[in-house]
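Those protein sequences? They're chains C and G, same order as listed.
If you read the first sequence in the working numbering, its first letter stands for residue 1, the second for the next number, and so on.
If you read the second sequence in the working numbering, its first letter stands for residue 117, the second for the next number, and so on.
Calculated from the structure, these hints are not laboratory results.
Keep in mind that this is a model prediction, so the values were computed, not measured.
It is possible that some hints are incorrect.
[Said to hold, decoys possible] Below, a list of computed lysine-lysine pairs in the BS3-like style, where the Cα atoms sit at most 30 angstroms apart:
{"no.": "1", "chain 1": "G", "residue 1": "K158", "chain 2": "C", "residue 2": "K78"}
{"no.": "2", "chain 1": "C", "residue 1": "K96", "chain 2": "G", "residue 2": "K118"}
{"no.": "3", "chain 1": "G", "residue 1": "K161", "chain 2": "G", "residue 2": "K195"}
{"no.": "4", "chain 1": "C", "residue 1": "K83", "chain 2": "G", "residue 2": "K161"}
{"no.": "5", "chain 1": "C", "residue 1": "K42", "chain 2": "C", "residue 2": "K78"}
{"no.": "6", "chain 1": "C", "residue 1": "K57", "chain 2": "G", "residue 2": "K158"}
{"no.": "7", "chain 1": "G", "residue 1": "K118", "chain 2": "G", "residue 2": "K158"}
{"no.": "8", "chain 1": "C", "residue 1": "K78", "chain 2": "C", "residue 2": "K57"}
{"no.": "9", "chain 1": "C", "residue 1": "K42", "chain 2": "G", "residue 2": "K195"}
{"no.": "10", "chain 1": "C", "residue 1": "K96", "chain 2": "G", "residue 2": "K158"}
{"no.": "11", "chain 1": "C", "residue 1": "K96", "chain 2": "C", "residue 2": "K78"}
{"no.": "12", "chain 1": "C", "residue 1": "K42", "chain 2": "G", "residue 2": "K158"}
{"no.": "13", "chain 1": "C", "residue 1": "K96", "chain 2": "C", "residue 2": "K42"}
{"no.": "14", "chain 1": "C", "residue 1": "K42", "chain 2": "G", "residue 2": "K161"}
{"no.": "15", "chain 1": "G", "residue 1": "K161", "chain 2": "C", "residue 2": "K96"}
{"no.": "16", "chain 1": "C", "residue 1": "K57", "chain 2": "G", "residue 2": "K118"}
[Stated by the list, open to error] Going by beta-carbon spacing under 7 angstroms, a handful of chain G positions derived as facing chain C:
{"no.": "17", "residue": "A145"}
{"no.": "18", "residue": "S148"}
{"no.": "19", "residue": "K215"}
{"no.": "20", "residue": "Q220"}
Positions of the beta carbon are idealized from the N, C-alpha and C atoms, including for glycine.
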Amino acid sequence: EPEVTQTPSHQVTQMGQEVILRCVPISNHLYFYWYRQILGQKVEFLVSFYNNEISEKSEIFDDQFSVERPDGSNFTLKIRSTKLEDSAMYFCASIKGVGQNSYEQYFGPGTRLTVT
Amino acid sequence: RKEVEQDPGPFNVPEGATVAFNCTYSNSASQSFFWYRQDCRKEPKLLMSVYSSGNEDGRFTAQLNRASQYISLLIRDSKLSDSATYLCVVNREGTSYGKLTFGQGTILTVHP
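For reference, chain C alone in the conformation it holds in the complex:
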């Protein structure tokens, strides 16, 4: 069964450094998302992406964040200058967007980001 994959599984970085989190959505999916979950808290939406542009972003997704789909398979989240409060689990998700069950979002295994 096709899956969303994410790399790395765990990233440790120092405050102020740039990080890039990578995701490979399910191959025939059209809509892509990033969410984050701070330890002990609920899953929060960051950004959605469709047709090579951002569809919607949350208040969390400020100028320090950017997303890109550099080729036909990868979908990346960049944090330019990490802060301690960026420490969280980051999940990528995707949906088909067409056909049956087109709106069901499937999540990758996540990248645990630790900012020290």
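Assemble the complex: chain C is given as a structure, and chain G must be docked to it using the hints.
Only chain G this time, still in chain C's reference frame:
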């Protein structure tokens, strides 16, 4: 009022028990509704979509009441492997392809 509200639990039940989770949502224009399960430090996994007519998948039954803005999940004949956090999830209004809004989750522990 929280966008999606769940009883956080925890629910501790013996194997074989029936357990029900409830959820309310605040936005009456919400389009799509889901239950996900999340194991500790893992990703949310789609358990089932929730339809107005109600739907069942094996031991799991989900119900939606749009008038009351209420969603439920019933688990029959609980197994040890059902132990997880159950997330009530709602899609925002206007589109089915938009962001998901998650509840805090209800913790379920099934014991022998």
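Results of checking the hints against the structure:
1. For a cut-off of 30 angstroms, the pair hint linking G:K158 to C:K78 stands: about 22 angstroms separates their Cα positions.
2. At roughly 29 angstroms between alpha-carbon atoms, C:K96 and G:K118 fall within 30 angstroms of each other, so this suggested pair holds.
3. Only pairs whose Cα atoms come within 30 angstroms are accepted, and G:K161 paired with G:K195 is accepted, the gap being roughly 17 angstroms.
4. Proximity of C:K83 to G:K161 is assessed by CA-CA distance (about 29 angstroms); at most 30 angstroms being required, the pair is judged to hold.
5. Among the hinted pairs, C:K42 with C:K78 is consistent with the structure: their alpha-carbon atoms are about 22 angstroms apart, no more than 30 angstroms.
6. Between C:K57 and G:K158, the direct Cα distance comes to roughly 24 angstroms. Compliance with the 30 angstroms bound is thereby established for this hinted pair.
7. Taking the CA atoms of G:K118 and G:K158, the gap is near 24 angstroms; set against the 30 angstroms cutoff, the hint holds.
8. Of the pairs offered as hints, the one joining C:K78 and C:K57 holds, with about 14 angstroms between alpha carbons and a cut-off of 30 angstroms not exceeded.
9. At roughly 25 angstroms between alpha-carbon atoms, C:K42 and G:K195 fall within 30 angstroms of each other, so this suggested pair holds.
10. A C-alpha spacing of about 22 angstroms is found between C:K96 and G:K158, which places the hinted pair at or below 30 angstroms, so the restraint holds.
11. The suggested pairing of C:K96 with C:K78 holds, with an alpha-carbon distance near 24 angstroms, which does not exceed 30 angstroms.
12. For the hint linking C:K42 to G:K158, the alpha-carbon distance of about 13 angstroms falls within 30 angstroms, and the restraint holds.
13. Taken as a hint, the C:K96 and C:K42 pair is honoured in the structure, with Cα atoms around 24 angstroms apart against an allowance of 30 angstroms.
14. Annotation: proposed proximity of C:K42 to G:K161 holds, straight-line Cα distance about 14 angstroms (limit 30 angstroms).
15. For a cut-off of 30 angstroms, the pair hint linking G:K161 to C:K96 stands: about 16 angstroms separates their Cα positions.
16. For the given pair, C:K57 sits about 19 angstroms from G:K118 by alpha-carbon distance, which is consistent with the 30 angstroms threshold.
17. A cut of 7 angstroms between beta carbons decides the hint on G:A145: the least distance to chain C is about 15 angstroms, and the hint is violated.
18. Look at G:S148: its Cβ gets to within about 5 angstroms of chain C, closer than 7 angstroms, so that hint holds up.
19. Evaluation of the G:K215 hint against chain C yields a held restraint, the C-beta minimum of about 4 angstroms falling below 7 angstroms.
20. For G:Q220, the shortest C-beta to C-beta distance to chain C is roughly 5 angstroms, which falls under 7 angstroms, so the interface hint holds.
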